[in-house]
Amino acid sequence: MSFWFWHGLRKGIQSSRYPARAENTPGVSPGRPMGTDFSTLEEAQLAAEICPTDAIVAHGKSTYVNPAKCVHCQLCLHSLPSPMNWEPGYEWAQLSANQTEAHPLPSAFAKSMHIMVVDAGDCGACLHEVKQLNNPLYNMHRLGFFLTATPRTADLLLVVGPVSENMRGPLLKTWEAMPTSRKVIAVGGCAIAGGVFGRSFMCACGVGEVLPVDFEVPGNPPPPLAILHGLLVAAGRKSLKSPKPISEGRV
Amino acid sequence: MALTGPLLVAIFAVCAAGVLLSALLGRKHVPWVLALAGALSAILMVLTSASILLTGHPFEAALWTLDGFGRFTIHLDSVASIFLLVSGVVYFSVSLFAGSFLRNQTDEAHPHFYYAILYFALMASVVLILVAGDIVLFLISWECMSILCFLLINYDTRGQSDKSAGYIMLAMSEAGFLAVAVAFLLLARSAPDFSFAALRTASTALSPQTLWLPFLLGFFGFGVKAGLVPVNFWLPRSYTAAPTIFIPVFAGITLNLGFYGILRLDADLMHAGYGTGLVALITGSITALVGILYATTDGDIKTMLAHSSIENAGIIVAAFGAFLVFRALGQPVAAALAVSALLYHMVNHSIYKTLLFEGAGHVEAATGTREMDQLGGLARFLPGLSAIFLVGCLAISAVPPFNGFVSEWMTLQSLLRSAVLASTSVRIVFALCGAALALTAALAVTCFVKTYAMNFLGIRRGSWELRDNAQAMSKFPLAFLAVICLLLGILPTYVLPMLNQSAETLAGTSVTTALVQPFFTATPENAQLPSAFLTDFHNLGAQTGKGLVPGRGLVVLLRGGEANPVVFAMSPSYSIIALMILFAFAWFVLRRLTRRRTLARRPVWAGGIPRLLPILTYTGTGFSNPVRVVFQAIFQPNIIEDTRQTVAVHFRTAIHRQREETHVVDRLLLRPVGTAAQGIAAFLAGMHHGKLNAYITYVLAFLLLVLFIYRGG
Amino acid sequence: MASHSSPIAGGNIAGLADLTGTIVERFGGQVGQLRAGGNFILTLSVAQPSALPELSRFLFWEHGCLFGGITAEEHSRHWQIHYTFLLPGSGWIDVELSMPLETKTLPSIVAQVHAADWHEREVEDLFGIHFENHPRLGDFILHDQTWREGIDPMRKHFSASHPQLERKVDLEWQPLLVVGDPGSFAMPVGPVYEGGIGESLHFLLETVGEDVIRAAPRLFYNYRAVEKVAEGRTITGALLLAERFAATSAFAHSLAFCLAAEKIAAVEVPPRAAALRVLLAELERLRHHAGAIAAICESTALAVPSAQASIIEENLLRASCVFTDHRYLFGLNTPGGLNFNFGSEQCQTLLTAVDRAESDLRILEKRLRLSSSFLDRLENVGVVTGESARDLNLVGPIGRASAQHCDLRTACAYSGYERYVFAVPCEAEGDGYARLRVLFAEATESARLIHRVVDTLEVGPVRVPCEVHHAGAALGWVEAPRGAALHWLRVDEKGVVERYRAITPSFNNWLGFHVAAENFAFQDFPIILATFGLSATECDR
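Residue numbers (the working numbering), protein chains in the order written: chain A, 1 to 251; chain B, 252 to 964; chain C, 965 to 1505.
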């Protein structure tokens, strides 16, 4: 059994250096479409039509992408004659729609934040990406982020999933059981805007309908580094690049 | 002292008055008579014993003579006074408790006066046992006490589920009585008359081998009442079947009479060898272990407390065994220490066990059920009772600053004194028994954590309703005992000198100087302590209060001896002072730190389910199941599983598991003995075949045998 | 129902004649029509519902068929209930039953085919059809404690966009507990699972304090009514749902859906597309198994192999992202083929990553076999015997660890699997260690299969147009990483989805969980959960 000790030592430190250094290993993020200026009106219209969730909005020849609605179907990349521009990277965290400036947790929590994860009807991908944050390649423990098993000791509530009806009650109870000085982060397109499931008798349209959400991490699923960026924003260690989310109709 | 005689007469007079008044007055007044006369008589008991203890002179009186039985004498010495004192305190609380309980009982069919008559008669017989100075008076009053106990248990048979409990108790009491009578008579063979003084002098002439038989007969004969394995199987059943108002008497008084008998016969009247002490020590340890195992896994409050009484009896008898061994092997100081521990534990046990039984009585009256798996959440409905019961649980778990801690500490320390003995085998026995007692102490904590938590904390599990009369019953008797628990715990240095007189009588040496030092100045008595120790204690402030507090210092000390100059010390008195200072400090600090915080009360976190149902919370059985599993070899339950399924294995609708347990003593000892006895009887029954000729042959054969035996003339 | 013929790959149609003959002989008048062709090698129309139990028993036990599932459809004037069975080596058998809409009761087949338990409970909860003699209906998807009776959300008159219903907590509700030991209680675990990061599921661990006597799962906290939401969408819209309700086997479910749609449109995908589909499915299987192995190591708190296994999984996720631009293989399948093509350098890069993962897994397996304290916690824990596995129709690696050999890739090949030779590992002990061995062996087989696919890849298009011009229904099936998954799709002539049913392997296997979770110590509970490796969200849809 001592083999495991030497085996682990031999494999060495494999953790990413993010946020000290950007992580560029291929495959850490699928990237996402970004607003593109097309050469013709038809191309812009085609791009807006092909998107199954209306995440792409065309204004004349320019298109804008609402990252909260993008479900990463890649149709705008692979099925368009002139594809959308693709934005690599993973720092996707944003404020929720009703907030104008970031209110992260107090500075006492910046280096030691305890996170309670609740699955509220998630498909499994976002939850899986959150699980990957514990593996040695990302290792969020080195940043002082820990997972708790009970909301009584949690500072941040991380919710994935569009909030199915059966989980609405338990989710509310979890939030109520957290001591104040608590923040909520909604991870994944489903948690922000309902994703592909949308609003139905069994499904709410995002966590915002049940709890007051402070931060959002769009993506379907957001890669672990995007979630990590979101956690750093919630802890106050990273500021947001775009303080306001792009909403429909805004030019 | 001159007052003792009149006081004794007064006790009997008050008891007689109580009997008369309860017989004559109406039903409504009987509870008042019970409470007031009982309390008065109890106070008189306390005064009587105080008169002996404060002066140090025993009281002697001679009563009338009976032909063939000798003179009846009364002899109240310091040993009996301790028991009388404890009985007085317990009777005070129990009388008030019984009075308030009966007052709130609206059931018209209960014959209150019948109970009160028996109660006062029992009180009189208890006092008589304690003051008896000769065999005949002792045995007569002992028998009265047994029969009165039986009558009191069967006083209300309607509520009993186990109607044979009283009869089993009576049968065992009679068997014990016979054994005790034989033991006394064996000692009296070489004595001029039946008084205890004569027996004492006569037994010094007997050899240790001849003393074995009276010792064992007396030990197990009195052990019936004291609750020793293997003669205690009547105890849990009787305690459970007895009426609520009577059980505290059982636990606080009659149990002690067993110890009194053992002390009187086996320690005072004879000085047996150390082998007998080892027998007592081993029996005590086994009793303690078996008692606490069954207590931890039991789900009925009263049965659990009964088993716990067995456990405490085991501890007391183990200390008794240590005392005998030390005395026989020439270690009088260690012997005095052991007997002080024994008496202290006996006093403590009476106080907190009575408190717990009264609390259990309150719980049963308030909810109508005794099953711990059905209770829960009582702290919200009965906060006062909950706090007092908590004191009782802490005391019995030997948690400082309550009294259980002091006596457990002293008991275990006295077992550790075995280091001064020369014989290795004896030391090994001491070590093993000490380990067993340590295990029982740990299990006792488990048991009472379970009791308090399952009954008072959590949420209500059963469907009982709180009854109105619950709040009306007075909690003063319980609070009174709780305060005494605290006082006995934080003032041990004042209690030990009182017990010292009895210790001196039995062990021959005073233990006060060995245990309780005066304040830490350089006095001749303190010269034996190492000077470094004195300096350290001075620096710790151990002599604080020298001018204010009269008498002894506040630390209990044990010295290790010349070869081992270690000092073992403990001071609950200083502990409670330090504890209060720490609590106050913590409270002030927290108040400052949380000035701007608010306190929010939220429902318990249960994983997000809509409601935490009672079926989803831990039961007492679940809490104690690990103990049951670990000690499976002792319990050896027979589990009958009944699985009901509708369609196939997949669709089980119900799994019922019944656990059938035979008590380990029943299994290992009583069943085989019973089966053997039945076998012998069946064999002998072969003689009853009805043939007249064979019967004539039996008579002829017997006649020939007798002639042969007496052929010499 | 119009059936369009589409040849079932593989199959021993010769045995079919015997089967048909026996059925006609035994059931005669109770079974109406028998026809072959189309999706199913045999379709039986049952005239009298009372014949169902005996017929099911005959097919399941005497003829050795496996139970696929129950699909209920509501048409304008009648019910159509499908009971699907698999004849291994041949194909699917559909036992269908039509009854007027007013009839709301059916005889239950649960006494004969225990695996139908949860299927019938789901139909009762969602459609309101009562199954006689089913011992435990109700409190399934719509929990009795918070939902009232009579909602029947899958009925046509109930709209998916119905506003949220008013719900109250029923204060009188008590869970149905099995153990009646005095002093027993049920410890609640979940739904916010206190084990760290977990899916939302609820257990009531019935215990007397030291051992858990029975642990039955209460699921459907993640129920999003995917089947209902899909109704009224186009095929491409419903494909999004099919792909994303259980994202860790997203490719497998989207493949089953596309196969069903292609059968309806009577379209055959090009061979390169079929081969690439095999490659991607095996890539998903390899990644899923690496994650399952990491979860098993983590449940036993063996930190280093758990960390190493999760590194393997993360590397495979990154390789998937490089290969397909998505870590979880979303957005690849479309009816008619794949959305985009892959070049040979991409395939070579993928092969390098797959090889590295396979060799790492092999080292891990070799060393785990020597870690005795780890094996101690897995051996004889959570045992599911072969008989129980057959009885409850367990599928996937769990079934194969309990001697249930069936793997849809060989039993009823699809998408070109018949062209490749590969082994289906199988164990017989049915304990946690057997499941671990099956996972390792399957991962190695998947890696080898990926190699074979790349070696024999043909050039050609990866997509053909797939338009649905007439109404139809079809069954698509796939061996997902967790087991057999079936998707039933019915569309109208405009290509709008009328009924979509997804029978997932986790739904079948959760039924069998309580068999493994009986009389175990509290500490073994997370280990049994991890070795089962089931997904609540895949079961809940």
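Since the hints were derived computationally from the structure, they do not count as laboratory data. Please note: incorrect hints may appear among the correct ones.
[To be verified] Across the chosen pairs, the derived CB separations fall in these ranges: (1) C:I1327 <-> B:I885: 48 to 54 Å; (2) B:L919 <-> C:A1265: 39 to 45 Å; (3) C:R1320 <-> A:G60: 46 to 52 Å.
A virtual CB, placed ideally from N, CA and C, is assigned to each residue, including glycine.
Here is what the structure says about each hint:
1. Roughly 49 Å separates the CB atoms of I1327 (chain C) and I885 (chain B), a value that falls within the hinted 48 to 54 Å.
2. In this structure, L919 (chain B) and A1265 (chain C) meet the distance hint of 39 to 45 Å, their C-beta atoms being roughly 42 Å apart.
3. Look at R1320 (chain C) against G60 (chain A): about 48 Å separates their beta carbons, and that is inside 46 to 52 Å.
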